[in-house]
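Q: Sequence:
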Amino acid sequence: MIQVLMWFIIFVTLTYGHGPVRTGPSPVDISVGTGAFTGVPYSTEPPGGLEPEEIPLFISLGFDDNRYADGVDWVVEELFAGRYNNEGAGNPATFDGTPMVASFYVIGNSDYPWSETPYDVEMPSDRPVTDSWIRAYEAGFGMGNHTWTHEHNLYDLSGDDLIREIGFCSRYMINIMGMPHAHIYGFRTPYLANSSGGESFAVSRDLGMLYDCTLNNGLQGNRPAEWTRADFPGGMDDGWGAWGNFPTEHFWQYPNATYSLSDGGTFSDMGFDSGPNGWPGGASAEEMFNQMRRAIEYHYETNRAPIDLGLHSDYYSEEAQNTPGTGASEFSTGLEDRRRALVMLLDWIEEELPHARVVEKIDAIRWMTNPVALTDLSRAEALTFSDDAPSGVLTNVNTLAHEGSSAEIISDTEVAVTVADEQNWKVEAYAGTHYPLGRSMEDVHSVRVRYSSDLPLRLILYRDDLAVGSHGLGLPATHGAERVVELPVVGDYFELPRPYDEIVPLDLSEVTDVALVAEVMDTTMSGNFTAEVEFFGAGDLGGQTSVIDRNGNRVESRISVSVLDNSRLSLSVPHDGSYDVRIYNYRGQQVSRQHRDLSAGTNTFSTEALSSGTYLMQISGESVEQTARFRVK
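In terms of my numbering, the sequence shown opens at residue 368 and continues consecutively.
These are calculated hints, taken from the structure and not from any lab test. Keep in mind it's a predicted model, so treat the numbers as computed, not measured. Just so it is clear, CB atoms sit at the ideal spot from N, CA and C, and this is done for glycine as well. Accuracy of the hints is not assured; some may be wrong.
[Said to hold, decoys possible] FRET-style restraints, in silico, Cβ to Cβ:
hint: 1; residue 1: E849; residue 2: E668; range: 41 to 51 Å
hint: 2; residue 1: D755; residue 2: S979; range: 43 to 53 Å
hint: 3; residue 1: S807; residue 2: G457; range: 28 to 38 Å
Between the sequences and the hints, there should be enough to build the whole structure, so can you do that?
A: And the structure:
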């Protein structure tokens, strides 16, 4: 099998200084500081002994399918543009004043042509829908898994077929979108048709997801339709609601809403815009808005359990509207009226519900595991980034790599990395660098990461006894841009890898190293990353060791390639001699192979015309075997 290889470049700067310990008290002891979202049973009662009037109402807009780029872009760039949650008391623990966001559950093969063999189709070079997902993700919106094809009721699948249908989507999100594995938090089953024995929940959990949002708040099991109760999200260790036959340890259910067709009426309809009384049933903008409004009011005025409104961005897409055969093209309610219903909804929330917070689901779950009242500012300092007490540069760098992967330091700013992950539907391989700190991080308060990367990364707070199973922070690929992430160092954000093998609290006194590694899923992949990692309030972390002194002899072996045009490359090699040169496209398919005599220094290398895209050149000869990445525009 052809393995796709890439080079990585990294420069990491660690800063240190003196500052107080800032952990912040918590009102309850539910998964405090573990970085593992578990241990909260489902209930109609607010967690932590809080009263409904003390807590925010978390509202999630969950968009399924997302097969049209302009529909996703309309949600992100128009519907949510410039909207912020109420500033309240300025409490970061209740997401006061944060940008409103939604969650998207994507069909992984949306950019692919239809095929009878959907798991064996060549990836298209143009991926406009995927690009829209990346834009939404980079804007802070949640991205979840909605299977690879959306062609199956999951109760018709089992075993490898079920794993493949869900797993292909996660693999695409990691390897092509560039999402860290840890950021794929949620799953929703197509047609709300979960496996009859609950296997879809277990598979989603085993693939590393944290929650499912398929079941609902009033139409499940043997509950009569007129009995609606607002359940808080919770663990499925003992099943969910009336579905006691779905026990799934370390996995959450985030129930979707039910709708009433009139004020004071029975909540008897699924809480989706695709329901029989939604757009397919000819609802007007006002009728659709009122269904959503009533459901939210019911939660807001009773126990304030988080609510999930089911939507489809395709229904708000002009392209879908103008494509015969789509649901959007057949609705009697026009596109502008459908969009107007959602605008009315967010306007109403902003104006009428001061204690509502429109967030992605993982933020509501974060609050559930560490519940805080709206006016309780006891965690405000701990959850606020601070750049007090910066310090100097820690240059003591060593490599860290999983068996089969490799990392080689080329200079003080460059590391060559090969990440080779076994095909077993898990993210296990890694390659990068780690930095001995010389002391524990118990005084650290905040971290800033300024970086650029072609692959998803993980910043790990490294413990000797757990190694890469320690708490970490997922960092997405940046697709050529620079990204800055600033976070306080608390268990809310530094999470244990999923699925959970061992749940331990984040004890900064036991953190002895920091690691920065690339991770992919079920493949061997490539890219460059540069990074500057800076800690604040951490004290004196480690000594100063020059990477150049230890590794300067390796620099002379470097090979580089640049593009002159689509049929000519500039290729630099360290020695005169004969070289075998192979070129692969991004899917790992060989497109050219030549055996050439090259001179030390720069050579012009001709090849067949290459279409636009990313390519990998594997060069071997004269005791050198390396891989370089280049892009043809």
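Q: Regarding D755 and S979, is the given constraint of 43 to 53 Å on their beta-carbon distance met?
A: Holds: the Cβ-Cβ distance is about 47 Å, inside 43 to 53 Å.
Q: E849 and E668, beta-carbon distance inside 41 to 51 Å?
A: holds (46 Å)
Q: Between S807 and G457, does the beta-carbon spacing fit 28 to 38 Å?
A: Holds: the Cβ-Cβ distance is about 32 Å, inside 28 to 38 Å.
Checked against the numbered hints listed earlier, the structure breaks none of them; every hint is satisfied.
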